[in-house]
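The hints should help you fit chain G onto chain E, whose structure is shown.
Take a look at the letters that make up each chain.
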Amino acid sequence: MNLKSVWHLGIKELRGLLRDPIMLVLIAYSFSLSIWTSANSSPEALSKAAISIVDEDQSQLSSRIISSFYAPYFVPPQMITTTEMDSRMDAGMDTFALNIPPDFERDVLAGKTPAIQLNIDATRMSQAFTGGGYIQQIVTSEVSEYVAGYRDAAALPVELALRARYNPSLSPSWFGAITSVIQSITMLSLILTGAALIREKEHGTVEHLLVMPVTAPEIMLSKIWSMGGVVLLGSAFALVVVVQGLMAVPVQGSVLLFLAGAFLMMFAMTALGIFMATIAGTMPQFALLMMLVLLPLQVLSGAMTPRESMPEIIQTIMLAAPNTHFVILSQSILFRGAGLDVVWPQFLALAVIGVVLFWLALARFKKFLK
Amino acid sequence: MSGAGTAGDAAPPVATVADLTLRYGKTTALDDVTLEIPAGRMVGLIGPDGVGKSSLLSLLAGARVIQDGAVQVLGGDMRDKDHRNLVCPRIAYMPQGLGKNLYPTLSVQENLDFFGSLFGHDKAERDRRIADLLASTGMSPFRDRPAAKLSGGMKQKLGLCCALIHDPDFLILDEPTTGVDPLSRRQFWDLIDRIRKDRPGMSVITATAYMEEAARFDWLVAMNAGKVLATGTTAELLERTGAADLDAAFIALLPEADRGEDVTVMIPPRTGGDDEIAIEAVGLTQRFGDFTAVDNVTFRIPKGEIFGFLGSNGCGKTTTMKMLTGLLEPTEGTARLFGHEVDARNMAVRRRVGFMSQAFSLYPELTVRRNLELHARLFAMDPDKIPARVQEMLTHFDLADVTDALPEALPLGIRQRLSLAVALIHGPEILILDEPTSGVDPVARNGFWQILAELSRKDGVTIFVSTHFMNEAEWCDRISLMHAGKVLISDTAGAITKSKGSATLEDAFIAYLEEAIGEAAPDAQPAPEPEPDAAPVPAKAAPASHADRPGFSLRRLLSYSRLESLQLQRDPIRLTMALIGSLLLMVVIGLGINMDVEDLTFAVLDRDQTTTSRDYVQDIAGSRYFTEQAPLTGHDDIDARMRAGKISLAIEIPSGFAADIARGRDVQVGAWFDGANPSRANTVQGYIQGMHGDWIQRQARQIHGDAALAGNFELVTRYRYNPDVKSTVAMVPAVIPLLLLMIPAILTTLSVAREKELGSIINFYVTPVTRLEFLLGKQLPYIALAMLNYFLMMGMAAFFFGVPFTGSFAGLSLAALVYVTATTALGFLVSVFIASQVAALFATAMLTMIPAVSYSGLIDPVSSLSGFGRVMGEIYPTSWFVTAVRGAFSKAFGLAEMMQPIIAMGIAVPVIIGTAAFFLKKQAR
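Residue numbers (our numbering), protein chains in the order written: chain E, 1 to 370; chain G, 1001 to 1925.
Do not rely on the hints blindly, as some may be mistaken.
[Stated by the list, open to error] Straight-line Cα separation of at most 27 Å, DSS-like style, residue types lysine-lysine; simulated pairs:
#  : chain 1 : residue 1 : chain 2 : residue 2
1  : G       : LYS1500   : G       : LYS1486
2  : E       : LYS201    : G       : LYS1100
3  : G       : LYS1385   : E       : LYS4
4  : G       : LYS1303   : G       : LYS1458
5  : E       : LYS366    : G       : LYS1149
6  : G       : LYS1100   : G       : LYS1149
7  : G       : LYS1026   : G       : LYS1756
8  : E       : LYS366    : E       : LYS4
9  : G       : LYS1026   : G       : LYS1922
10 : G       : LYS1486   : G       : LYS1498
11 : E       : LYS367    : G       : LYS1149
12 : G       : LYS1026   : G       : LYS1100
13 : G       : LYS1458   : G       : LYS1385
14 : E       : LYS201    : E       : LYS367
15 : G       : LYS1486   : E       : LYS367
16 : G       : LYS1486   : G       : LYS1303
17 : G       : LYS1921   : G       : LYS1100
18 : G       : LYS1100   : G       : LYS1123
19 : G       : LYS1081   : G       : LYS1100
20 : E       : LYS201    : E       : LYS4
21 : G       : LYS1756   : G       : LYS1921
22 : E       : LYS48     : G       : LYS1891
23 : G       : LYS1756   : G       : LYS1149
24 : G       : LYS1726   : E       : LYS48
25 : G       : LYS1026   : G       : LYS1921
26 : E       : LYS201    : G       : LYS1756
27 : G       : LYS1149   : E       : LYS201
Hints in this document: simulated from the structure, not taken from any laboratory.
Isolated chain E (complex conformation) (with noise of 0.2 Å):
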C-alpha cells in the first residue's frame, strides 16, 4: 500500500470534481438548501385541514362552534346538508366532516349529554389523528366557555403536567433538519464516489491508472477518503453553520461525536457506493439503481418513522444496513445528547459493516477491472 499514490489520487479526485459544475451544485444544494426547505416545509401538525360542517341546531352555540375553525389549522368550514356529506367526503373533498345534531345547545344546557358526531376520512392518515384531537379540544373549550356562564361543573383536580423532552415545542422543523442532514450523507457519499469511479471507466482511465505502479485497494481508498472527505466537511458545515447557526436548532450532544459517527458511515456507503458502480458500468444504470438502493435504505432506516414501528423481520433485516444503525446514534447524539457509553454498540456496528462492504467492495471492483 503506497499512502502517497493514494493522497495524490485523492487529489486528482478532488479537482475532478471542482470541475464537475453539477455534483458541485448538488453537494451545496444538499448540505444548505435542501436541509432549509425540508425542515421547514414539515407541515405542522395540522395546517389547512379541510372541514365542512352540519349546522342542525342552528343555535348560539353551534355558530360558535363554526366560527372558531380557522386558519392556518382549518381551511374556512363549508356549510353542507346531512346528504351532501356523503358525497363530499366520498370525493375525497372533505377530511372532517362535523355534524351538529338539533336541540344541541338546549340538550347540552340541560345536561342531557348529547352527542356530536365527527366524520373523519381515515384514509387520510397524517391528519386524522391530530386533526381528531384538535377538534375534539376546539369543541370542547367552546362548549365549556359557554356552558360556563350557566353553571359550575364539578371536575376532579387531577391536573397533568405533560412535558416534551429535546424538543419541548415539539418543532418539526428541528426534526426535519437534523434527518435532512441524515439522508444527505447517505445519498452523497453513495453518489459521489460511484459517479467517481464511472467517470473513470467511462473515459477509459481505469485501466491507464492500472497500468501504473497502483493497485486496487489504493483506487478505491483514494476516491473514499477525498469524497468521503468533502461529505464530511459539508455535514460539518451543514450542522454547525445551517442547522445550529442559521435554524438555531439545539444540538444536544458532541458534534464532534455524531461526525466520528459520520465518518464510519460514510466509509461504508462510499464502500457501497463503488460496488454498486461495479455492477452498473454505466451512469444511467448507476442511478437507476440508486433509485432501487436509496430508497428501501432511507425509509427503512427509521429517520422517517421509528423504526419500532415496523414488522420484526424488517427491523432485523435492515439491522445489517449501515443507515439503521447511523440513524439511532445520530438521534441519540443530536437530540438526546447520548455519549460515547450510549452509542458505543452502533459505533462497532457501522465499523463492522464498513470493513465488510468495503472488502466486497474490493473483490468486485479487482473482478470489474478485468
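This is chain G only, laid out in the frame that chain E set:
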C-alpha cells in the same frame, strides 16, 4: 472504381449545396460551403477529423436542421418538410462510428428486420431481403449474434445492410471503414461496387480518412476547417498539386498556415544487436468463457525495435497488449519483459513500461501540466525532479503553449502527443501503444511517428504499436498480422509483401487474411469474388418498397414497440426496475412508513404506591399503545434511560396522590415524553391526554355520581373508510398512484434519452417514421408493463397487506389503464427537452413527483388548495387516480363513480402526447 462513374454525367446533380453555414455554439463546422454533387457517381469526402465532413453529410441526409444556406437533394429543398418526408425513403444514411445507428443488444436479424419494417415492407418481403443481403455480405452465419458482439468490420457491413434494405437512390456513408481491417474494407467496397453495378443510377457519397481508399473514388471533395479546398477526380487533384499521392496532395492543398511543419518520416535503420530481448511472449492465450480471444501467440522483440501489430478490431490486439502490461492474467503461456515474467503485483517492472491505451485516457478534468504531474507522482518519481521533467516533456512534445489548457479543448493530434508525453514521463524502456493515431490527420500522424523514430533510435526505447494504417506499418521494423486471436505472420514489411508476391503490403495482408479465413471456416465468409448471379443484391424487385408514403402507419408504430421491448428484455437493470421496481418500493413504503404508534416503551416513578396510583398506571399499561418497563428509581434514572432511547415516556406520580384526590386538593401528575420525532410525539401526547381524561371522568363519576357529567356532551368520532385507522389501509392505496407515475415515466423518459445519447435517434430523423408513431410505438410496451405492475401491486395490497377492497375492480383497472397511458406520456414530455439519460432520470423523478405529492390530494384534498396548487391539482392525472384508488379500495366506488376520474384523465392523455409530439424534433439541431 467502376465504369458506372461515367453513366451519370448528363444527369442533374443528386445534391447541391449553396452558401451553407453551420455553427455549434461558437464553433463553425461549415463555413459558407457551395458544392454540386454529381449523380450516379462514387463521391469521396476527404479531410481530417473535425473539419465538417460529418456535418455536411448529416445535412444532406436531412438529419440536421439547416441554419444558413440551401441544400437541395433529389430535386427538392431539404428545408421543406414535405420534401424530406417524400425523399427520406430514397436516401440511406450511415452515420459515423462503428454501428452508431444499430441497436447493440439486438441480433443481426432483428436489426435488419426493424429497419425493413420502418420502410413498410411486409414480413415475407423483409425476410427475402434480409436473406439476400446477409448472403451477399457473408453475414448469414451471424444472423443471431447481437450487434454489440460483432467485429468492427461486421458491424459496418450490418450498418450497410440496414441502409440498403430499402433500395435507396442516394447512399450517404460517413467513414464506413474507419477502424476496420484491410480485408473487411476491401469486401465492403466490393459490395458497394456490386450494388452500384445492379443499380447504376444510385449515387454514393462517402467520407473517409483513408487516402488509399479515396484514390479509387470517381470524384473527390477535399475539406478543411469547414471549407471545401478542392473538388475533382483523383487525377485532377494530383495534377493540380503535383503530388505523388493523395496524402501529399491533401497537405499541399491546405492553406500555408495549417500545413504546419510537414515532417517526412525518416527512420534510420536499426543498428543495435538483437541480443537483449525486451518483450517476449510464449504461447500467450486468453480465454473468456468458451471464447478464445488470443490463441497461442508467441513473439520476441529485441530492445529498441519498433514492432507493429496489425489486425481488425476485436482480433485480440488489445487483449494481447493487456496481457503484456499485466492488466490481464494470461490463461496460458507467459509474457516476459526484460526477462521478468509479467506479474500484476510487480511494481518495479511497471515502472519500466509506458502504456497508451486505445481510448483517450487522460483526465479531462486536469490541465495538461497537472496530468503530467499526476503521472509523475504515481510513478513515484523523486519530487524534486518532477518540475524539471514535466518542463522537459512540455518542450519536447511542443506542448508549452497549452500547459494550462484542458485536454478536451485541444485538437486530437495534440491530445495524442500529450498522451504520449504522459506515457513517457517516467522514462520507460518499453512503450506500448494501442492504435495511437486513429482519427488523427496526416500531418499530425507524421509528426507523431517522427517522435517514435527518435525514441527508438536515439534512446533505445522498445516500441510495441498497433495500427490500421499501412504506411505506418511500413515504418515499423517488423510487423505481425493478427486475426481471430492468432498471429498469421511476423516479419519485415518487405519480406511479407514478397512472400505473397503482392504489389503492396495491403495486398499481402489481404492474401494472408483470406488464407486464414478460408482455413478456419470455409463457408462462413463469402468467396471474395462472388459468382455473377449467385447472390444477387436485392435491387430491382419490390416496387412496394417506396409505397409506404408519409402518413400514419401502424406497422412502423409496432416496429418501434417491438424494438423497445427487445431492448428492455436485454437490459437487466432497466428490466428489474420495470418488472419489480414498483413492487419492491411498495413493500418498502408500505412497511416502512407506518404512522401507527404501538408498543411505545414507558416507565413509572410511583411515589404514592396506592391502589389509586396503580389504577392510573394500569390504564396506560393496559392499552395496546404502550408497554411498561421496569419502574423508575428517580429523576436521574429518567434522564439516563430516556437518553439511551430505552423509554419514550416517563410518568411521575407524586406521593399523597390518592389522599389528595380524595380530599379534593390539587394534584399534578408529571409526564415526560421524547419529543425528538414531533409527529410521533404528537400522537403520544394525544393518547396520554385521552387516557388521563377518561380516568378522571371515571373517578369523578365514582365520587360525585352522574351529576358530574351535566353540561357535558359527547363527541362521537367515526373514522370512515378505515375504521381501525390502520396505516396500511391509508398508505398502500396512496402508494399505487405514485409508483404507477414515477416508474413508468422514468422508463419512457429513458427510452428516448437513451436514443439521443447513444445516437440511434438518427434512425428517427432519417426514416419515414412520424413523431406520433415513434412516441406511441415506444409507449405501448411500457403501458403493458405498467399494467402488469398495477395487477401485481393490487395483488400485493390485497393478499400481503390485507387492505380491504370494496369497489369495482374492473372500473379501477380501466382507470389504471388510462392513468398509466397518461404517466408514460408524461415521461416523453420530459424527455423531449433533455438529452442526457442521467439528467432525464432525475428531472422526471422530480417533475412528476412534486405535483403528485403536494397537489394531488394525498395529504390535503385538492379542494382545500388555492392558486397554482389548486389548478395543478385539478388537471394533474394523479389527483384523479388517487380519488379513484381510494374510492375503489375504501369507499365502494362502482363503475359509475369511476367515470368522472376516467374522463378527466382521458382528456389529459391526448393533451400530453400531443404536446410531447409537438416539441419532439424530427431533426438534430
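Structure-based check of each hint:
A threshold of 27 Å between alpha carbons decides the hint, and for G/LYS1500 with G/LYS1486 the separation of about 19 Å falls inside it, so the pair holds. Distance check on the hinted pair: E/LYS201 and G/LYS1100 sit about 20 Å apart at the alpha-carbon level, within 27 Å; holds. Under the criterion of a C-alpha separation no larger than 27 Å, the hint pairing G/LYS1385 with E/LYS4 is consistent with the structure, at around 16 Å. Simply put, G/LYS1303 and G/LYS1458 have alpha-carbon atoms about 12 Å apart, close enough for the 27 Å limit, and the pair holds.
Restraint check for E/LYS366 and G/LYS1149: satisfied, since their Cα atoms lie roughly 24 Å apart, inside the 27 Å limit. Among the hinted pairs, G/LYS1100 with G/LYS1149 is consistent with the structure: their alpha-carbon atoms are about 14 Å apart, no more than 27 Å. For the suggested pair G/LYS1026 and G/LYS1756, the alpha carbons sit about 22 Å apart, so the restraint of at most 27 Å is met. Straight-line distance between C-alpha atoms of E/LYS366 and E/LYS4 comes to about 21 Å, which keeps the hinted pair within the 27 Å bound.
With a CA separation close to 24 Å, the supplied pair G/LYS1026 and G/LYS1922 stays within the 27 Å bound. For the suggested pair G/LYS1486 and G/LYS1498, the alpha carbons sit about 21 Å apart, so the restraint of at most 27 Å is met. Only pairs whose Cα atoms come within 27 Å are accepted, and E/LYS367 paired with G/LYS1149 is accepted, the gap being roughly 21 Å. Restraint check for G/LYS1026 and G/LYS1100: the C-alpha separation of about 26 Å stays at or below 27 Å, so the hint holds.
Distance hint between G/LYS1458 and G/LYS1385 is fulfilled; the C-alpha atoms sit about 22 Å from each other, no more than 27 Å. Proximity of E/LYS201 to E/LYS367 is assessed by CA-CA distance (about 14 Å); at most 27 Å being required, the pair is judged to hold. Between G/LYS1486 and E/LYS367 the CA atoms are separated by roughly 26 Å; this keeps the pair inside 27 Å, and the hint holds. Note on G/LYS1486 and G/LYS1303: the hinted pairing holds, with a Cα-Cα distance of about 24 Å set against a maximum of 27 Å.
Annotation: proposed proximity of G/LYS1921 to G/LYS1100 holds, straight-line Cα distance about 19 Å (limit 27 Å). Distance check on the hinted pair: G/LYS1100 and G/LYS1123 sit about 25 Å apart at the alpha-carbon level, within 27 Å; holds. Annotation: proposed proximity of G/LYS1081 to G/LYS1100 holds, straight-line Cα distance about 25 Å (limit 27 Å). Distance check on the hinted pair: E/LYS201 and E/LYS4 sit about 23 Å apart at the alpha-carbon level, within 27 Å; holds.
For the proposed pair G/LYS1756 and G/LYS1921, the alpha carbon gap of about 11 Å is at most 27 Å, so the pair holds. Between E/LYS48 and G/LYS1891 the CA atoms are separated by roughly 23 Å; this keeps the pair inside 27 Å, and the hint holds. Using a Cα cut-off of 27 Å, the hinted pair G/LYS1756 and G/LYS1149 holds, with the two alpha carbons roughly 22 Å apart. The suggested pairing of G/LYS1726 with E/LYS48 holds, with an alpha-carbon distance near 23 Å, which does not exceed 27 Å.
At most 27 Å may separate the alpha-carbon atoms for a hinted pair to count; G/LYS1026 and G/LYS1921 meet this at roughly 22 Å. Proximity of E/LYS201 to G/LYS1756 is assessed by CA-CA distance (about 21 Å); at most 27 Å being required, the pair is judged to hold. At most 27 Å may separate the alpha-carbon atoms for a hinted pair to count; G/LYS1149 and E/LYS201 meet this at roughly 20 Å.
The structure meets every hint from the earlier list without exception.
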